[in-house]
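Join the two chains into one complex using the hints; note that each chain is given alone, in its own frame.
Heads up: the protein sequence lines correspond to chains A and B, in order. Going by UniProt numbering, the first sequence opens with residue 1, and the numbers climb by one from there. Going by UniProt numbering, the second sequence opens with residue 1, and the numbers climb by one from there.
To be clear, the hints were calculated from the coordinates, so they are not data collected in a lab. All residues carry an ideal CB built from backbone N, CA and C; glycine is no exception. Wrong hints could be hidden among the right ones.
[Claimed, not checked] No more than 27 Å apart at the CA atoms, straight line, and that leaves these computed lysine-lysine pairs for DSSO-like: (1) K62(A) with K476(B); (2) K200(A) with K175(A); (3) K248(A) with K52(A); (4) K192(A) with K151(A); (5) K237(A) with K389(B); (6) K673(B) with K864(B); (7) K837(B) with K797(B); (8) K476(B) with K151(A); (9) K209(A) with K151(A); (10) K248(A) with K476(B); (11) K383(B) with K167(A); (12) K683(B) with K673(B); (13) K383(B) with K175(A); (14) K201(A) with K383(B); (15) K192(A) with K389(B); (16) K557(B) with K217(A); (17) K209(A) with K569(B); (18) K386(B) with K200(A); (19) K386(B) with K192(A); (20) K837(B) with K200(A); (21) K389(B) with K167(A); (22) K557(B) with K569(B); (23) K476(B) with K237(A); (24) K201(A) with K389(B); (25) K200(A) with K383(B); (26) K217(A) with K383(B); (27) K386(B) with K201(A); (28) K607(B) with K683(B); (29) K389(B) with K175(A); (30) K386(B) with K167(A); (31) K797(B) with K856(B); (32) K209(A) with K864(B); (33) K386(B) with K175(A); (34) K192(A) with K383(B).
[Claimed, not checked] Just so you have them, the derived chain B footprint on chain A, three or more residues with Cβ under 8 Å: (35) 218-232; (36) 235-242.
Residues per chain, in single letters:
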Amino acid sequence: MVTLRVKATQTLGNRDGRAASAPGLIRAPATGDTSRARIPRAPGMNRKKLQKLTETLTKNCKHFNKFEVSCLIKLFYNLVGEAAKRPGVAIGLDRNAFRNILHVTFGMTDDMIMDRVFRGFDKDNDGNINVTEWVNGLSLFLRGSLEEKMKYCFEVFDLNGDGFISKEEMFHLLKNSLLKQPSEEDPDEGIKDLVEITLKKMDYDHDGKLSSADYEKAVGEETLLLEAFGPCLPDPKSQMEFEAQVFKDPNDFHDNMNS
Amino acid sequence: SSFHFSSFFSETTVSSKEVDKNGQPLLFLSVPQIKVRSFGQLSQLVFAAKDAKLKEAQACIEANRDPVVKILGSDYSTMKEDSGALNILHKITNGDDVENETKTNIALLLKQLDLHLLNDTLRRISPQTRLNPVPVKDDTELLKSFWGKGEQSVLESTEFTSDRGFSFSDGCGEMRYVWAKPGDAEAPCVTCGAQGVLFPGGRTDDEGKIDYETKGEVYKDLVTFLKEKLGKFSENMSKQEIRFSEEQQKNQTDEVPKKEEADVICKAVSGTDKSKLEKNQINFGKSQMARRLEPSLNWRTTVDRKNRKISVKESQEEKRRGKLGKTRASVSSGRAQLSCKSVDKAEETISESSSESEEDEEPPDHRQEANADLPSEYWQIQKLVKYLKGGNQTATVIALCSMRDFNLAQETCQLAIRDVGGLEVLINLLDTDEVKCKIGSLKILKEISRNPQIRRNIVDLGGLPIMVNILSSPYKTLKCLAAETIANVAQFKRARRLVRQHGGITRLVALLDCAQNSVEPAQLSLYETRDVEVARCGALALWSCSKSYSNKEAIRKAGGIPLLARLLKTSHEDMLIPVVGTLQECASEENYRVAIKAERIIENLVKNLNSENEQLQEHCAMAIYQCAEDEETRDLVRLHGGLKPLASLLSNTDNKQRLAAVTGAIWKCSISKENVTKFREYKAIETLVGLLTDQPEEVLVNVVGALGECCQDYENQVIVRKCGGIQPLVNLLVGINQALLVNVTKAVGACAVEPESMVIIDRLDGVRLLWSLLKNPHPDVKASAAWALCPCIQNAKDAGEMVRSFVGGLELVVNLLKSDNKEVLSSVCAAITNIAKDQENLAVITDHGVVPLLSKLANTNNDKLRCHLAEAISRCCMWGRNRVAFGEHKAVAPLVQYLKSNDTNVHRATAQALYQLSEDPDNCITMHENGAVKLLLDMVGSPDQELQEAAAGCISNIRRLALAAEKARY
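Isolated chain B (complex conformation) (with noise of 0.2 Å):
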């Protein structure tokens, strides 16, 4: 090597030629050790060292912790604390000899390589942005802080465990898997790997263990993934998030220099002049190469440590909370069992109806601070729970009635009740013997039980059950508070699955069969109470009950729909509210629609629509809202004299709850004609337009439904212009609310029918505002938008110029061809029948390519789309070479395999479409071929005129051709 022939050898000794001005040899070798004063020998050293060059280095650095001392002398060791260089030259400058200057020189030099290295390993770290296992602790710890604070908090649980420590055998580099159960989704499993967080991230296999492969996405930290994946969490996140950076940052400065380390190549701050030179000397007199891989290198090497640290802390804390158990392997089949569970839950999740209320979710729990002022009912409160709890049974009836005389509407004694663990002695006064004890301690549980924390933690200690329980006592008075507790309890979802997992829906069914035949007493004696107090009672708990998929067949299995019907035949208000309240629920049911018809339910509902009670009427009108899906019902609503109070109702504008089911009864009855033209007699049609401006949206989406129908009549048309209708519908088409959309557009396109509000329509662009609707991303919203334009551009004066005007509007309808939504495609077939009226349109949509896009719809079985596609292709045909075109998509075969269908609408389109294609003579072939002859001569004997002569015409084309074709040959 290079340094063999400047080099002295001795026995145990090497040392160089060169030596500095003291006389001392630049480089020397005493086994084990060798000294070098100067950076060449150095760089030859290193670069003798050959495969060793990093052993080399390292045992370098290691030898020499302070380099710049070594460099530049004992001077700067003092100096080398002040970070900034200027010191350091303010000091050099004061010296004039050589020496000092090169020594400023080399600080310089060795200030910027500094600088340089320090830039460019972070220019080449940040990209990859790896994660190590500190930030995703901290996030990890963040997170937990979150937990179980009910509704507010962003997650409700979150566990996580190392099972797999960081190793360097892996790739991935996985190093915690995170079960994060935020409050409004099920529970991601979430992988912390090196790259990021992994969603999904491991999810269980047969074995129940964890399923490591990297498969999803991959996201940059566990927060930015929480924050894309959960809209919640992000919104309360934001809220949280600066208080904790603040905790973060506070922490990151109790730690040690070496930990800092790696905080400052991953969190990118600058770290201590220290570890900068350090840093700097691990790569001096390196190969490139070597410079390159030494920083990630080292970084590594500190996580692995520091990793396991934190996993031996983890486990700890762990232990502690004793959730889980002591060894790994116990750790992640207890994540097997809990995702399991989590996919109970999300199952059970599907089974429940889309009525479900706001209340589902969970109300924040927030206890009473300890050294809190506390009120003074609180402490007698305590004082009673006391007696409650350390009394006999007439003790125990005083405390309770006193209790009672707290107001327990008020949440501070509501919650004091609880918080002095008075829930767990009222409860377990319920699985008693003693009827007076039960019935005290009722009362009380229906009045705080209106406190949606109080709820759940009624069903929390079990209280459910023991109540439904009561509900087969023999005390009446017991089974009617114990049904009130319970409509008030089970306001949310798992309480009402409990209701129904322990029989209470059959026993709350059983209430509603008061003995109505049989005399009552005239006197009642204690613990008695009237029997329709008991049905009330019954089917206020079954109203609650009912908001639940499961429930309502459990009701309806039960026999519940009779009885509710013969309640409704009573007069007590009180009773109907919760009855009527029950079937308005439970009619989203397709089951319960036909039982109400059976049951003449409907004439009850129409009259009580009479009654005086608002809240009555409402959820009458619901009721009727939900059932006039069936023609029949519509029928019978009309026939019972329903759609005069319906209308005028419509008046009293107060109440918006009533009005939205007014209106929504309104909208359903209307799709029948006969009781459109009533409620024209009515003048609901005026009304109705006078309801289009300051509404709540629930109000208007029934509003312009209702008028959508109405004006599928000629007459009520021109009401609605002469009302001046069109325009707040017009306004209305730049909404966002979906069914509002639907409705709306339909609304318009109906009024578009008629030529003058057409007019209107066209000058305030309403068109336009249409077209754009189709780029709307609800499938419905398109559809409904492209059926009403089809009336626009008929109507329209000018409608070609007018369609033309909209920049991109034709290509963006062809392109709506892609869609896979058959009510989609078949309005779009529909506008563009219309569109292609206009030849310079037609043009156009053919450069769009329209018609590959039409041929491939061809296959299909939906009459619906068969028909409106059959006229978009005989329209198309018109222009060019467009026939051929059609003929070259193999459109022509499927078509004649339309003839075959049942519905005329079909044949008649297809008999014109293929009369058009008949021109070509290739089309005339493949017809031919695919026996479209017989086919038409069928429809030739049809009675529809239109048919008749499309098929005829079709006829005569293929006729020709073939007796041409004859001609030719002979």
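Isolated chain A (complex conformation) (with noise of 0.2 Å):
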């Protein structure tokens, strides 16, 4: 049988807040503001800041609107949390905290796949996200075209940004997939043969190597192979719990606290 992720127990839909307790889980408005303003306010920000940046970030941004995009910047501020108000720290999410965001709200698992997400995110560098990388980062991650999803995905699989995936990185990302058979004499046999079966599906030009060109036609011609070699897109059903959560009105919200 498939082996199935662990489903994480905590979700975003926690009502009575008791999710709030867990570290770098994301948290809905803060339950203090009682202002019916449009745009949720952030903590540590003024208004007119907030403002401003939601706007220049709405601008570059092709698949949020203002709400979403002022709804995802308080959320970051959030998570952010009491790093903020340090000074000489840059502000935005490192690597564990954003790792934990993926296992826990986006179900992943796999340590290196999450690594590349990170780096997916991460587009200067830093070991940090910020707040605009954040946004595009979710742009993509929850509204992209099927163009822009391959070729994200496509960066997280070449594991060595050398434009290729190689044999090499594909036995990397897959020497997990499969149960170990203690009957089996070499356990990467499977692996090995796994990577065959995809080269054998995916490498057009029989390069031994999967190109960019290889990876599009392949998708193109089955979406399936989107995430050949890993889960890097949330999935599914987390993706709408997640939406349904952070972009919820915050009269709706106030209204279900009050209900």
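Here you go:
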């Protein structure tokens, strides 16, 4: 049988606030905020600054509207939390915090893939995800077109960044994908075979490695191969849950709180 | 007793006075032994034993295992193995002495007696043809080997029990009960008794036990029974019989000689010399009576012993199969459940509609032989399935995608997936949370479920409920794939039922309700697909499901019809075909036809007739065919301009299925006169006549049906004649297809109305052909032929002479009055009316007893029959004393009641009949007594002139009689 990922027990949908005690968990807008403003306020930031940031980011972002951007910004600052107040530290999510989010919220389990996703978000390679990277990254993560996602996924799988997914990289990515069978003499035999199967399926130019063109052609024919070497995008279920929670209208939110 | 006087008595021994040449007494008794040395003494001894004769004889035989040696000397003990009597003779004739000669004679006599006895026994046994457990067991073994091989196998399962062993106390001596479930019928229960195979054998009664009462027919043996009862069985049986009879023979040769004895009797094969001689001795020196009894008794003992052995063996077998409990009681209760189940099954079968396809039958299930040459795909697929089983979702997706690269349309690949256990894994994947795995799995299942065997395997593995659940998934791609797979799987009854039982129909109907008003996103996300596609897949699945009656109802109840109507307005061919297909399937139900009219579906069906797609045209025409039974619908088809495309589609005859649908639609539409006029405008009649030759039967039925309707118009009759349509129509009268015959007779009848056509029909001997169709077993054909004969007799020249020329024809017609089908009776009455116009023929049918037969029919409520019956009576009054005879057979009183009917046609015919009958005074009295006068007086006021006249004439006759009576009195 297929080994299924362990489903995260804590989801975003907790309304009683208990979930907030979990470290790094995304929280909804602060409960003390009684303002009925269209745009929710982030802590430690004045409204003007926030509005400006929102507008800048919205302009550069294809897939989110202003409200959604503001929600994400607010969420970002909530997540960053106390760290934001400390002077001298770059504002952002470090690798561990981000991996935690990926694990808990988007159900990812593979350490290597999560590292790669972090790199995908961290465009400036400073080891921190700032608010711009956060919003842009999520834009692709949640709403990206197939082309965008293909580009992103290929980058995730291209471990050494040389523009090809080599056999070694595939082996590396797939090495945990099969249950170890005690009967088997060489445990890696199956993985190697799986790599060969994948190559046969996707390597159109028969050069023994996947170029970006190979990959895109294969995915174009069979969308299921988008995440061929491991889940690096949110699965549709957690994506829906995430969007439902984060983009909730604050007014609705209060209604829910009161009920 | 006789040898009292010729014996010496001592204290413990008795010896006879007679001695042989060596001085030994011929009879020597020393308790408890008795020795006899001559046949004479033996016969006396047996005679003295009186009641114990049989015992005595048995003891004698048991003590003398080798009678030939005893009688003829040890020389013969070595020879007896040689079966040929010639060998013995040869040996004997070598010696010259007298003793040898006598011995030769004795040997010859013995041989003769032996043969005589054997023949006699056989002659006695063979007419009874008693079954014994051996052949029954062989038969059941044989049947077992047919188990579970799917469609081509003759039996699905055969189970049997011997819960009541063979016993002497039981008169019938049942040996075992067999439940055979053949491929094409419900499970019959059979009792194999000593007398043969009984059917129906044991039914379950209230206590769940088996009813052993012997009822039903008795068959010689199991195979004969099955052959008789089940058509398919005999078909397949003949193919396999030879092989099995060979095997049976092989088995027999291994049996021990004692067992063989039973076989000798029942199988009528020659036994060994030894057994013959044994039997010879059994009967030796016994009365004729005892001799007659012995063989069957002997046989019975053998059977009893053997039967016990068999039942032990059988219970072991059943234990091994693990199907049934050890004890006999539990065996029989298991049977009871089984038969209950089969009853349920039968009920379900009835509920299914007739539109089931042949695919419903079980396909052959030939699994790959273990050591057959396996294609390389097999091993590759096996490897992929291994990764499916032991991989995480990433590996699973890769394996699934790779599996799709195989040619899944190819049977080897389909079966390979199944045989390596891939189906289980694919179905299990559907039960997980992984959308990608589900999509990948469904994409494969969708392809391989085109294979009938795989469909069944999917259902057996419980795949349908899971797929039905997926129909409510939030991901449209998943819904689509699940619906498409269901469309493939639901090609057979059981699957369709399962879809319904798990709420699939409601969910599928919900798929049709694609949000048409909502704006579709310009860009579809990963697992989304267009709403139209979802609806298309839903319609596709409904199309498959709609082949079962209950599902049609379920679709209607789920509100499917308005949704289908809405989808019909779209212009995607992919969508239209399944939608129209579903409608066409469902239109067989009255409810649907009403709804189709109400939802204005006809308009769109007509529109799609103009489509380019042949399949779509076919289904539209088919749907119109189904719906056009209704008059309003026929008018709608015309009003929406559907007749012209139908007529023009006639010219393309390559696609026979479409042609059948189109001609069907034309047939039904032409029931309306206005439509016929239109068809004539479009020159459809000519084209139809052209289609009378070289077409498959399903087309012919419709073409001829259409012509039959069109020829109700005089102009069309002329057209058909001018186009040379009469000849092919008459040629079709010799067919065997019932539906076709009904239509052909109608069409010929319609043509016969036109005198010139009638001449042609007469010349082609069409009337004789019609007349012979009166012998057709199907009542519809009979009736239709009789109706067609009416215009023929009316219009033929020398009709009387023609009718008389059919030998036995008139008797045949009169005898048809014994039918119990109202339509047949009406048509035959009409025919008799026409026949009776000729005086000579009327005389003949009177001789054949037409009067009592017509009189017997008089008590009917059917207005159509009343009308034609009254006409026939009125005609038949014209001969001899028929008027009086009708009165004697009490036809008058019921006729008077016809006047109370609401139908003027009945009134007219009745009044005319009464007028004829009133010529007889006794009838007048009966009429008067039954209140005819008042009723007739009302009729006189009718606007119908003929009715007026007849009623008045009748009254006048009654009145005249009354006056005469009055005159006579004074």
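For each hint, the structure was consulted:
no. : hint                 : in the structure
1   : K62(A) with K476(B)  : 25 Å, holds
2   : K200(A) with K175(A) : 18 Å, holds
3   : K248(A) with K52(A)  : 22 Å, holds
4   : K192(A) with K151(A) : 25 Å, holds
5   : K237(A) with K389(B) : 24 Å, holds
6   : K673(B) with K864(B) : 22 Å, holds
7   : K837(B) with K797(B) : 13 Å, holds
8   : K476(B) with K151(A) : 25 Å, holds
9   : K209(A) with K151(A) : 17 Å, holds
10  : K248(A) with K476(B) : 24 Å, holds
11  : K383(B) with K167(A) : 20 Å, holds
12  : K683(B) with K673(B) : 15 Å, holds
13  : K383(B) with K175(A) : 17 Å, holds
14  : K201(A) with K383(B) : 15 Å, holds
15  : K192(A) with K389(B) : 17 Å, holds
16  : K557(B) with K217(A) : 46 Å, violated
17  : K209(A) with K569(B) : 50 Å, violated
18  : K386(B) with K200(A) : 18 Å, holds
19  : K386(B) with K192(A) : 14 Å, holds
20  : K837(B) with K200(A) : 89 Å, violated
21  : K389(B) with K167(A) : 23 Å, holds
22  : K557(B) with K569(B) : 21 Å, holds
23  : K476(B) with K237(A) : 14 Å, holds
24  : K201(A) with K389(B) : 20 Å, holds
25  : K200(A) with K383(B) : 15 Å, holds
26  : K217(A) with K383(B) : 25 Å, holds
27  : K386(B) with K201(A) : 18 Å, holds
28  : K607(B) with K683(B) : 21 Å, holds
29  : K389(B) with K175(A) : 16 Å, holds
30  : K386(B) with K167(A) : 21 Å, holds
31  : K797(B) with K856(B) : 33 Å, violated
32  : K209(A) with K864(B) : 86 Å, violated
33  : K386(B) with K175(A) : 16 Å, holds
34  : K192(A) with K383(B) : 13 Å, holds
35  : 218-232              : holds (count 10)
36  : 235-242              : holds (count 4)
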